Amino acid sequence: MPSISTAAAEAGAVEVLTEVLAAAPAMAAEAKAPSTAAANGNSNARSGNNLGSINESSTYTDDSDDMASKVFGVGVTSGNSNGSAAAVQRQACMAIRNMVVRNPELRPVLLAANAEELLRSVKTLFPSSCKDVASAALRDLGLDNYN
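In terms of our numbering, the sequence shown opens at residue 1 and continues consecutively.
Hint data in this document are derived by calculation from the structure and do not stem from the laboratory. Here the structure is a predicted model, which is why all the values come from computation and not from measurement. Positions of the beta carbon are idealized from the N, C-alpha and C atoms, including for glycine. A portion of the hints provided could be inaccurate.
As the list claims (entries may be wrong) - Ranges of calculated distance between the beta carbons of each label pair, as one might list FRET restraints:
(1) ILE4 with LEU111: 16 to 22 Å
(2) ALA33 with GLU105: 36 to 42 Å
(3) VAL101 with ALA11: 14 to 20 Å
(4) GLU15 with ARG139: 18 to 24 Å
(5) VAL101 with ALA33: 22 to 28 Å
(6) ARG139 with ILE4: 34 to 40 Å
(7) ASN145 with GLU15: 33 to 39 Å
(8) ALA33 with PRO104: 26 to 32 Å
(9) ASN114 with ALA11: 16 to 22 Å
(10) SER3 with ALA33: 25 to 31 Å
Could you put the whole structure together from the sequences, leaning on the hints where they help?
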């Protein structure tokens, strides 16, 4: 019987987690800038810009918001406070760490999915809430320079 981490990875958790981490710059920007949609009472509206690409074939979309909301239990929509954006990123970092600690064979999969760069970006964008968990995830991915 495969472990929960392996089953989650096979079900697409690596892709979802890297997608959530890739959305960090857009989430940080949204949290810092007041949304005109939120000011007009429409907190679910998008500004229409591309909020960060994961690779050439997929981009950050409302579907990603829905998935992040389901996975982490926090809404990822315009008008969110920096706290909930940081909470989503923190949970993604902890999920990656837990997956690689329990299943070291997932390390190369996550590293190939650009997890190192994404985790370092999250550390920079949300230092007060994510620096510790992003560093722990980098450490457990087997990287020597995790601080």
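Hints violated by the structure (listed by number, smallest first): 5, 6, 7, 8, 10
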